[in-house]
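Colleague: Residue-level listing of the chains:
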Amino acid sequence: MTDHQMLESRTAGGGSSSSGLLPAALETPKAGRNPVMPLTLSMFEGHAVNRSAAERRAATLGARRSVKKEYQAAWLVNAVRCVDLTTLAGDDTGDRVRRLCAKARQPIAPRIMEGLGLGGMDLHVGAVCVYPTMVPHAVAALEGTGIPVASVATGFPAGLMPLDLRLKEIEWAVAQGAHEIDIVITREHVLRQDWQALHDEIRAMREACGAAHMKAILATGDLQTLRNVYAASMVAMQAGADFIKTSTGKEGVNATLPVSLVMIRALRDYGAETGYRIGFKPAGGMKAAKEAIGWQVLMKEELGRDWLEPDLFRFGASSMLGDIERQLEHHVTGRYAASHRHAAS
Amino acid sequence: MSIQDILQTMDYGPAPEDSSIVRDWLARHEEGFGHFIGGAFTAPGETFEVQDPARGETIARVSQGTASDVDAAVAAARKAQPAWAKLSGHERARHLYAIARHVQQHARFLAVLETIDNGKPIRESRDIDVPLVARHFYHHAGWAEIAGDEFGGTEPYGVCGQVIPWNFPLLMLAWKIAPALAAGNTVVLKPAEYTPLTALAFAEICAEVGLPEGVVNIVTGDGETGAAIVGHEGIDKVAFTGSTEVGRIIRRQIAGSGKGLTLELGGKSPFIVFADADLDAAVEGVVDAIWFNQGQVCCAGARILVAEAVAGRFETLLRARMETLRTGDPLDKSTDVGAIVHPVQLARIRELVGQGKAEGATLHQGHAPEGCFYPPTLATGVEPASVLSTEEIFGPVVTLTTFRTPADGIALANNTRYGLAASIWSENVNLCLDVAAQVKAGVVWINCTNVFDAGAGFGGYRESGFGREGGSEGMMAYLRHKTPEGAGADLPKPSSAPHDGGGTGSIDRTAKLYIGGKQARPDSGYSYTIEGPKGPVGLAGLGNRKDIRNAVEAAAKAGGWGKATGHNRAQVLYYLGENLSARADEFAARLESLGAPDAGGEVETAIRRCFWYAAQADKFDGKVHQTKSAHVTLAMHEPLGVLGIVCPTAQPLLGFISLVLPAIAMGNSVVAVPSQLGALAATDLYQVIETSDVPAGVVNIVTGPRDELARTLAQHDEVSGIWYIGGPEGARMVEAESAGNLKQTWTEGDGARDWSGAHGQNKGFLHRATQVKNIWVPYGE
Numbered sequence: 020m021t022d023h024q025m026l027e028s029r030t031a032g033g034g035s036s037s038s039g040l041l042p043a044a045l046e047t048p049k050a051g052r053n054p055v056m057p058l059t060l061s062m063f064e065g066h067a068v069n070r071s072a073a074e075r076r077a078a079t080l081g082a083r084r085s086v087k088k089e090y091q092a093a094w095l096v097n098a099v100r101c102v103d104l105t106t107l108a109g110d111d112t113g114d115r116v117r118r119l120c121a122k123a124r125q126p127i128a129p130r131i132m133e134g135l136g137l138g139g140m141d142l143h144v145g146a147v148c149v150y151p152t153m154v155p156h157a158v159a160a161l162e163g164t165g166i167p168v169a170s171v172a173t174g175f176p177a178g179l180m181p182l183d184l185r186l187k188e189i190e191w192a193v194a195q196g197a198h199e200i201d202i203v204i205t206r207e208h209v210l211r212q213d214w215q216a217l218h219d220e221i222r223a224m225r226e227a228c229g230a231a232h233m234k235a236i237l238a239t240g241d242l243q244t245l246r247n248v249y250a251a252s253m254v255a256m257q258a259g260a261d262f263i264k265t266s267t268g269k270e271g272v273n274a275t276l277p278v279s280l281v282m283i284r285a286l287r288d289y290g291a292e293t294g295y296r297i298g299f300k301p302a303g304g305m306k307a308a309k310e311a312i313g314w315q316v317l318m319k320e321e322l323g324r325d326w327l328e329p330d331l332f333r334f335g336a337s338s339m340l341g342d343i344e345r346q347l348e349h350h351v352t353g354r355y356a357a358s359h360r361h362a363a364s
Numbered sequence: 121m122s123i124q125d126i127l128q129t130m131d132y133g134p135a136p137e138d139s140s141i142v143r144d145w146l147a148r149h150e151e152g153f154g155h156f157i158g159g160a161f162t163a164p165g166e167t168f169e170v171q172d173p174a175r176g177e178t179i180a181r182v183s184q185g186t187a188s189d190v191d192a193a194v195a196a197a198r199k200a201q202p203a204w205a206k207l208s209g210h211e212r213a214r215h216l217y218a219i220a221r222h223v224q225q226h227a228r229f230l231a232v233l234e235t236i237d238n239g240k241p242i243r244e245s246r247d248i249d250v251p252l253v254a255r256h257f258y259h260h261a262g263w264a265e266i267a268g269d270e271f272g273g274t275e276p277y278g279v280c281g282q283v284i285p286w287n288f289p290l291l292m293l294a295w296k297i298a299p300a301l302a303a304g305n306t307v308v309l310k311p312a313e314y315t316p317l318t319a320l321a322f323a324e325i326c327a328e329v330g331l332p333e334g335v336v337n338i339v340t341g342d343g344e345t346g347a348a349i350v351g352h353e354g355i356d357k358v359a360f361t362g363s364t365e366v367g368r369i370i371r372r373q374i375a376g377s378g379k380g381l382t383l384e385l386g387g388k389s390p391f392i393v394f395a396d397a398d399l400d401a402a403v404e405g406v407v408d409a410i411w412f413n414q415g416q417v418c419c420a421g422a423r424i425l426v427a428e429a430v431a432g433r434f435e436t437l438l439r440a441r442m443e444t445l446r447t448g449d450p451l452d453k454s455t456d457v458g459a460i461v462h463p464v465q466l467a468r469i470r471e472l473v474g475q476g477k478a479e480g481a482t483l484h485q486g487h488a489p490e491g492c493f494y495p496p497t498l499a500t501g502v503e504p505a506s507v508l509s510t511e512e513i514f515g516p517v518v519t520l521t522t523f524r525t526p527a528d529g530i531a532l533a534n535n536t537r538y539g540l541a542a543s544i545w546s547e548n549v550n551l552c553l554d555v556a557a558q559v560k561a562g563v564v565w566i567n568c569t570n571v572f573d574a575g576a577g578f579g580g581y582r583e584s585g586f587g588r589e590g591g592s593e594g595m596m597a598y599l600r601h602k603t604p605e606g607a608g609a610d611l612p613k614p615s616s617a618p619h620d621g622g623g624t625g626s627i628d629r630t631a632k633l634y635i636g637g638k639q640a641r642p643d644s645g646y647s648y649t650i651e652g653p654k655g656p657v658g659l660a661g662l663g664n665r666k667d668i669r670n671a672v673e674a675a676a677k678a679g680g681w682g683k684a685t686g687h688n689r690a691q692v693l694y695y696l697g698e699n700l701s702a703r704a705d706e707f708a709a710r711l712e713s714l715g716a717p718d719a720g721g722e723v724e725t726a727i728r729r730c731f732w733y734a735a736q737a738d739k740f741d742g743k744v745h746q747t748k749s750a751h752v753t754l755a756m757h758e759p760l761g762v763l764g765i766v767c768p769t770a771q772p773l774l775g776f777i778s779l780v781l782p783a784i785a786m787g788n789s790v791v792a793v794p795s796q797l798g799a800l801a802a803t804d805l806y807q808v809i810e811t812s813d814v815p816a817g818v819v820n821i822v823t824g825p826r827d828e829l830a831r832t833l834a835q836h837d838e839v840s841g842i843w844y845i846g847g848p849e850g851a852r853m854v855e856a857e858s859a860g861n862l863k864q865t866w867t868e869g870d871g872a873r874d875w876s877g878a879h880g881q882n883k884g885f886l887h888r889a890t891q892v893k894n895i896w897v898p899y900g901e
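Residue numbers (this note's numbering), protein chains in the order written: chain F, 20 to 364; chain R, 121 to 901.
Isolated chain F (complex conformation):
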């Protein structure tokens, strides 16, 4: 036998540049934030989404791509950059949030970063995501780090509060220093296909956000059908969402790959029509480092390299970070790690 090495130089295609993958309008996107556009039914009405096909694609994606060794480490580090480190619990306190923020500033232990050859890198998570009353604590704890604070708002998680109160909640959170607002939509508008009401509501929320970026949580576990998911995604973007987000983390079913696939195809289609790039945030239920790879593969395969940056992609997760840190330590030491040896969040 001669050379059994990999044919490294002999694998072609699937290039890192997104050239050809994206619609022309998204290759050179328009500058600035996605503005509000009028409700345009033709962009989603009658759009077919076949569930079994979406499930097949989602199921095979993870098996089609594999990252090993230093590539795996790099992809996990990149995932950390995109984490919205989150606590959304009834027992959240100021100290609890400060602890979380400490982890956000230094998500991976310095010794591991050194081992990865990233000692000089200022690695931090994408954002810290909290309830509105926790925003002041987070803002104070993260001062000077450049890490944005994201606040849920609009009667999270069900959103069944009078609209004016929901809008006030947004304004309050922004006033406390939140840079990003994760809003929830009124599911009823989707289930009744009252697209105008949905558009009106989200548009009003976008106005209330002002300079803060808006992530629209569609609560896809409540919407159930993939057609609903596609339509709701499209309306949210037309109404000015900067990000579309799968779940509050409180629905029966949270982020899934088939749902994510449909949402990012919607944002691709929106971009093709408008020229604006929209971000995507799966949230809830993601715990393992392996899932962090799986979602990034989805983004890269469907949208390309640019959607692996925190301005266009975030994970809404909390415990996933711990698993990533353990995997990275294993990469450095060759020994399997235990979480009690890492800083708690």
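Please note that the accuracy of each hint is not assured.
Derived pair list, reagent style DSS-like, types lysine-lysine, alpha-carbon separation capped at 30 Å [as the list claims (entries may be wrong)]: (1) 453(R) - 306(F); (2) 87(F) - 269(F); (3) 602(R) - 739(R); (4) 883(R) - 206(R); (5) 453(R) - 683(R); (6) 306(F) - 739(R); (7) 453(R) - 87(F); (8) 49(F) - 88(F); (9) 206(R) - 453(R); (10) 88(F) - 453(R); (11) 309(F) - 453(R); (12) 309(F) - 206(R).
Chain F side only, calculated, beta carbon under 10 Å to chain R, not exhaustive [what the hints assert, rightly or not]: (13) 63; (14) 64; (15) 93; (16) 96; (17) 291; (18) 293.
It should be emphasised that the hints constitute simulated quantities derived from the structure, not laboratory data.
Note that beta-carbon positions come from the ideal geometry of N, C-alpha and C, so glycine has one too.
Based on the hints, put chain R in the right spot on chain F.
Modeller: Relative to the frame of chain F, chain R by itself:
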């Protein structure tokens, strides 16, 4: 590459599958592999090289099977067969179960070996091929267990000769060996010359699980070895998967031998995208259709037909998707498209694509590295006459053509010699099922493609072959109905000069041919004498090839019969029985004049047979197979189309009825050649047919010289199947001539069967009169 650098590019990097265990195994066999015969490996004989196409290096040497190797293998299989068949179903099931378990235990070994030998991506061998192999043996362990309950009145063929292709080496082996063994056959199998290694590893597994010696024999070699197996007189049944060209050669080679035959041949399957489809899903479907296994898939969706209304958007999405396909090292876990199996195949792909380009096609190609690789290719601007539309390329090349309406799409889909598979994309269930019913293909995938499961039958219509693999219909390919044996005899030439017998005293009657619902004079202008025991009883038309041509044309126009409900057809058959009954005495007198020993009984049985097949017309239904979750897999019985039926000599009324009724009950239209010597018993029937509301063209009768008419039928490309009850030379001729369009044949020695008993009426006739279409319908909103 540092992690910092990777963070910039976010490339995948190499993800090699470790192949060291398989390399060690290959190194241990460096001196070359022998054959696996009688439970042990022979010493290597004259050997040839086996290549890893991705690296272009020799990985093994295997023996070129000689005639004496084949003799030894067939002898071993023959010796083992009676004891194997005599085992209880449960005992055979234990062996098949053990094979399934060991395939699972060696799953990664087999996957890596397959990838090295064939060039297919490790993802596919690991996630698709090998799991399907294990599933196939599990499923057939089940059939072995219950075959005695499920397939009454059948027996195994004996020794099966099986020749398989290089595209799914181990999976095709499983598709061949599992049902053969479950049914009680033993096998001699030849893997493809390019890819023999997993078959040899499988042989080691057979030894490992203690399969009785001689039950499975593996002989390696090239086409010559394959021909020696297929043509060996000790082989009772031949099963072949491969090119239509070789299938034709085999059909001719074994014509008249009495061997059973199933063929799974080429395809040029349509992939039909309607305007209301989920276009992203359909694009991903194209990836699964033609960029699966480098497009080296017999059922590959190679012709995209897309509704004009969405063609532009579809093409844009498809070309974007092509950008992310990775072609390269098949052992890399991130490879989508691996190596072409062999440089010879690569050259063929290049040549065909070159021709297509010269004909005006526009090519859109992805990327491929140097070596035995070919880039994913989309060809647009392809007309139906282009070589890219008509020829099976067996490479990662797909054409895109638009259609206007569903009818237009179906017409383009069916505009092919082949009929293996079709894929239909639409969110409208009405449209999907309508198209599924109309498309000529043995496998129809709705909103999916290349989905396989051991529980469903797989196999083609038209020149894609016949017989099914998988499911209950696949088991039927390895079991035969016990039938009486007899060779039959050749017939004398009809006498067409005036005879010297006297008239009968009654008004003279002229028997004509019956074509397209009308009585027709024979084109020849001649008649021939029908003799009775007491001398001539009358004249029958001397049909010739033009009469057959006209009859087939009429039969082809009667396609609406196949779409009628079973209840409609039952009503016609009952009415036929009623009208026959009304004229029972007349038919009895005719049969008596022809020398029938029990004329009254023959007529009575014919009437009962009308009722029996009327009863079956709306009851011989298909199945819903248990396959994958959230799928309905419908196995539908469909008529073959135009069926040629050459009737037995004796029992001229009952023989005709016994063959024509099951054919038309299932929706076929028929061109029947009645008993040459007793033709008047059948021509009397056309008045009954006329008065029984049988639509014009459903039954056509051409009297005359049996074997001459049979030859024209066997040669006719519009005829989908032919049943021939006659002499040995005629049987050979019919089987050989059928190779032209690979029509299904059934030949039997004239006189072997007593048509008045149970052998003259059973479900076996209905199976022969139908082909199974498996329709896969995934669901979920």
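Colleague: All the hints need checking, so say for each whether the structure fits it.
Modeller: Here is how each hint holds up against the structure:
Restraint check: the Cα-Cα separation between residue 453(R) and residue 306(F) comes to about 24 Å, which is no more than 30 Å; the hinted pair holds. Restraint check: the Cα-Cα separation between residue 87(F) and residue 269(F) comes to about 33 Å, which exceeds 30 Å; the hinted pair is violated. Restraint check for residue 602(R) and residue 739(R): the C-alpha separation of about 23 Å stays at or below 30 Å, so the hint holds. This hinted pair checks out: residue 883(R) and residue 206(R) have alpha carbons roughly 25 Å apart, not beyond 30 Å.
For the proposed pair residue 453(R) and residue 683(R), the alpha carbon gap of about 48 Å is over 30 Å, so the pair is violated. Simply put, residue 306(F) and residue 739(R) have alpha-carbon atoms about 54 Å apart, too far for the 30 Å limit, and the pair is violated. Restraint check for residue 453(R) and residue 87(F): satisfied, since their Cα atoms lie roughly 10 Å apart, inside the 30 Å limit. A threshold of 30 Å between alpha carbons decides the hint, and for residue 49(F) with residue 88(F) the separation of about 37 Å lies outside it, so the pair is violated.
Between residue 206(R) and residue 453(R) the alpha-carbon distance is near 46 Å, which puts this suggested pair outside the 30 Å criterion. For the hint linking residue 88(F) to residue 453(R), the alpha-carbon distance of about 13 Å falls within 30 Å, and the restraint holds. Pair hint residue 309(F) plus residue 453(R) holds up; C-alpha atoms about 15 Å apart against a cutoff of 30 Å. For the hint linking residue 309(F) to residue 206(R), the alpha-carbon distance of about 52 Å lies beyond 30 Å, and the restraint is violated.
A least Cβ separation of about 13 Å between residue 63(F) and chain R goes past the 10 Å threshold, and the interface hint is therefore violated. Annotation: interface hint on residue 64(F) violated; nearest CB of chain R at approximately 12 Å, more than 10 Å. For residue 93(F), the interface hint holds, the least distance from its beta-carbon to any beta-carbon of chain R being 4 Å, beneath 10 Å. Hint status for residue 96(F) relative to chain R: holds, with the closest Cβ pair at about 6 Å, below 10 Å.
Residue-level restraint check for residue 291(F) holds (minimum Cβ-Cβ distance to chain R is 9 Å; threshold 10 Å). Here the hint on residue 293(F) is broken, as its CB sits about 16 Å from the closest CB of chain R, past 10 Å.
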